[in-house]
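Peer 1: If you want the building blocks of each chain, they are given just below.
There are 2 protein chains.
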Amino acid sequence: MEPPVQFDLTKEFRERFQQALDERDQTFIRQSLEDVNAADITSLLYEFTSEESKYVLDLLTLELRSQIINGLDSDTRKSFLKIFAVPEITAIINQLDSDDAADVLNELPVREREEIIARMDPVLASQVIDLLRYDDHVAGGIMAKELIKANENWTVVQCIEEIRKQAEHVTKFYAVYVVDDHDKLLGRVALQKLILTDSKTLVRDIFDEDPMAVETYLQDTEVAEIMKKYDLESVPVVNVQGQLVGRITIDDVVDVITEQAEEERQIMAGISEDVEEDDSVWRNTRARLPWLVIGIAGGLLSARFMGLFESEIERIAAIAFFIPLIQATGGNVGIQSSSLVVQSLVSQTMADDGLLKRLGKVFSVALLNGLVLALLVFFGNTLIFGYDKLSIVVSVALFAVVNFASLIGTATPLLLHRFGFNPALASGPFITTTNDLLGLALYFLTVHLFL
Amino acid sequence: MEPPVQFDLTKEFRERFQQALDERDQTFIRQSLEDVNAADITSLLYEFTSEESKYVLDLLTLELRSQIINGLDSDTRKSFLKIFAVPEITAIINQLDSDDAADVLNELPVREREEIIARMDPVLASQVIDLLRYDDHVAGGIMAKELIKANENWTVVQCIEEIRKQAEHVTKFYAVYVVDDHDKLLGRVALQKLILTDSKTLVRDIFDEDPMAVETYLQDTEVAEIMKKYDLESVPVVNVQGQLVGRITIDDVVDVITEQAEEERQIMAGISEDVEEDDSVWRNTRARLPWLVIGIAGGLLSARFMGLFESEIERIAAIAFFIPLIQATGGNVGIQSSSLVVQSLVSQTMADDGLLKRLGKVFSVALLNGLVLALLVFFGNTLIFGYDKLSIVVSVALFAVVNFASLIGTATPLLLHRFGFNPALASGPFITTTNDLLGLALYFLTVHLFL
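So the sequence lines, in the order shown, correspond to chains A and B.
Position one of the first sequence corresponds to residue 1 (my numbering), numbered consecutively onward.
Position one of the second sequence corresponds to residue 1001 (my numbering), numbered consecutively onward.
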């Protein structure tokens, strides 16, 4: 074997490949993709047009073609499959696991979907129909139907016979699930135990009564938390009757975690659609505009509010100088607070200490931070810039802003969570806009009282 | 079997348990924790003092005790283990897998660590010593030494014999790794293949030449990317000579991905230390202050800058009214742009299109967004508030700010990435502070030119 290396998509190779494509050089294309992993060919295809990609795929085996299409991201696949005929898509889908097949079918127009299901391998079709009933974001929506199931009354040798029969369909498995005569899940036998046990032993005598199963309607993020917490490589899915209906493997959960992180990043950044940098200009614009417009509305409101203090500003222009300071600090404190709350909600590491104790702590931190910052600004303003009364006003306002921003930053995600919204919303432009307005109000209130 | 349920940590149970602890009611504690999963007991322990937790643990089996301690988060474990004697810790560590043992040892003071290694199970000790050489964030630092290794010249039955021998140490495995006489990794045999193959077959005739292996020094985040991309449940780790030295399983990678997401969230929120809401007040304050102080410095700089335009502001106070609008928009656009770049860098979905093409697209999106927002603000200001010349100035400045903020938001993470820093830094207060200053400068420049 060669030393273990990854396929390297160099610029030279891509250019050479493009040339081969232009010349329809089948020999080069076939040879250069021999022994290349499906996932690497998938990466390569992002470089070419749909027509070119299809030309490449048609030169490969059906199995490889299916794997590659399965590896495409959902948006790309959706538009790519438009140039495929129904029989071609059907052949591809027949190669996939039930969960992947359901995902691909879900992306297709309804009519095409129905047509394909009618032509598909009947066993897979019935599995897929079952899966299509579930929402994308619950256990039922991410599970696969492929699993090895053994009756408690079987022997080990019957189990191994079943594995032999299923081996073609079930590519990755770590355990055999044990059920009773009514398909009710009883437990599991680890694969290694099967290897090490005498073949006449009854399954009922060696299986682990494993209580870790999830129900079909459990949120995918909760499935992920459970699998992480209990360190499971796969988890059986049961319906309300406790019957085994599917299984979720840890690689599905990796996708859930990755998506969750991505979604949260977008929310924190104030991007309102699932968008990527290389999506179209129009889509990028549309994803960004909503929060920008809300920010603008906040800005116009701020302008209107400051209009009330026009005469004060005309008298002492220096009042205006500290608006950025007040607002930036309020914004930073708010985001810090809310993201810590979001973190503890996401990772669920924190015990439910009760709101009061929690707020008490947040308040202590805010007091301390507020004090340090207020003193810092006071000395900066007095010693360096030589302001007198204004120094005090700015520091007092700053202290108040740190405390209020902290309170709002903590309370908002908790409230959102309580009412079933994604708490990460509170770490985005929402909290910034709120805190901008609040900071301004507190500052001008202080100005009004003391100057 | 009971219907599959998770252990539920109700408030009532916690109170009852606390009472049992106060009364040293061993019977209740033992009974109530019977059949409870280690991970659930770990969650429970977060509720009590170290001494109380130790009292509970001492009532449990050594195996369970080890699992529970292994499940604690690093900070908690560090302080918890302080009340354990060296022989107690040694007994616990002897129960762990090599990678977990190395993690626990890494958290202990050097002297204690040496003492424990000297008393430990010698096989585990030598494995751990090997692991301790690696940095936490490379493949060598997250791999485990426990794996099933077979020589290419063995038969299937010899393989199964080896599994039998190792089964005590290796709790989770999905494949047997195949090596030559010099321990050089040649490939792997999936467990299911072993089950289905005649026992006299030679390993060399059935193994898959699997080129997917990672080298010891590869970054953990890259290991995660590879395992995600190629959908691997485990990956062998080789040294520079290509010799098999360990393996990484997908659950290790789940931890890497989760940590990465958490780290990124903290960076975006301007929190400079790995801190959680329930850490001490002092630690929370210290983690937040650095970026707040930088924000303050930016604010004072803004104040100084606006001082240059004191007479303009005194003449037309309304100039000041639009500072929040300009700054908020600049901040929002900057964060949006940078987080999209960070996303494409993290997920590596984007082909390296070249900087120019990339910036061209970013610029188109910015032009479009800028135009929409500028028009919106112009109509708002003219029609609703009745400003005339100032409306034009604000809109022109806003348009410029959107474009520059977008440029900076895109370029900064790319530059950080190029020079080996975490690009997520560019999505935090860094970009906000920069854009605040830039926005102010652009606005007053426009004011100066047109008013």
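Keep in mind that the hints were calculated from the coordinates and are not lab data.
Ideal placement from N, C-alpha and C gives every residue a C-beta, glycine not left out.
A portion of the hints provided could be inaccurate.
[Claimed, not checked] Here's a subset of chain A near chain B, in silico, CB distances under 8 Å, partners left out: (1) Ile160; (2) Arg265; (3) Arg288; (4) Ile296; (5) Val333; (6) Asn369.
[To be verified] With a Cα cut of at most 30 Å, we get these calculated BS3-like pairs of lysine-lysine: (7) A:Lys200 to B:Lys1193; (8) A:Lys228 to B:Lys1165; (9) A:Lys228 to B:Lys1357; (10) A:Lys82 to B:Lys1228; (11) B:Lys1357 to A:Lys54; (12) B:Lys1172 to A:Lys229; (13) B:Lys1082 to B:Lys1054; (14) A:Lys149 to A:Lys82; (15) B:Lys1082 to B:Lys1149; (16) A:Lys193 to B:Lys1054; (17) B:Lys1078 to A:Lys357; (18) A:Lys184 to A:Lys149.
[Claimed, not checked] One-sided excerpt, in silico: chain B residues whose CB lies under 7 Å from chain A: (19) Ile1029; (20) Ser1074; (21) Lys1078; (22) Ala1091; (23) Gln1158; (24) Ile1160; (25) Ile1250; (26) Ser1280; (27) Val1281; (28) Arg1286; (29) Pro1290; (30) Gly1299; (31) Met1306; (32) Leu1308; (33) Leu1383; (34) Gly1386.
Peer 1: Flag every earlier hint the structure violates by its number, smallest first.
Peer 2: As far as the earlier hints go, 9, 14, 15, 16, 19, 20, 21, 22, 23, 26, 28, 29, 32, 33, 34 are violated by this structure, in ascending order.
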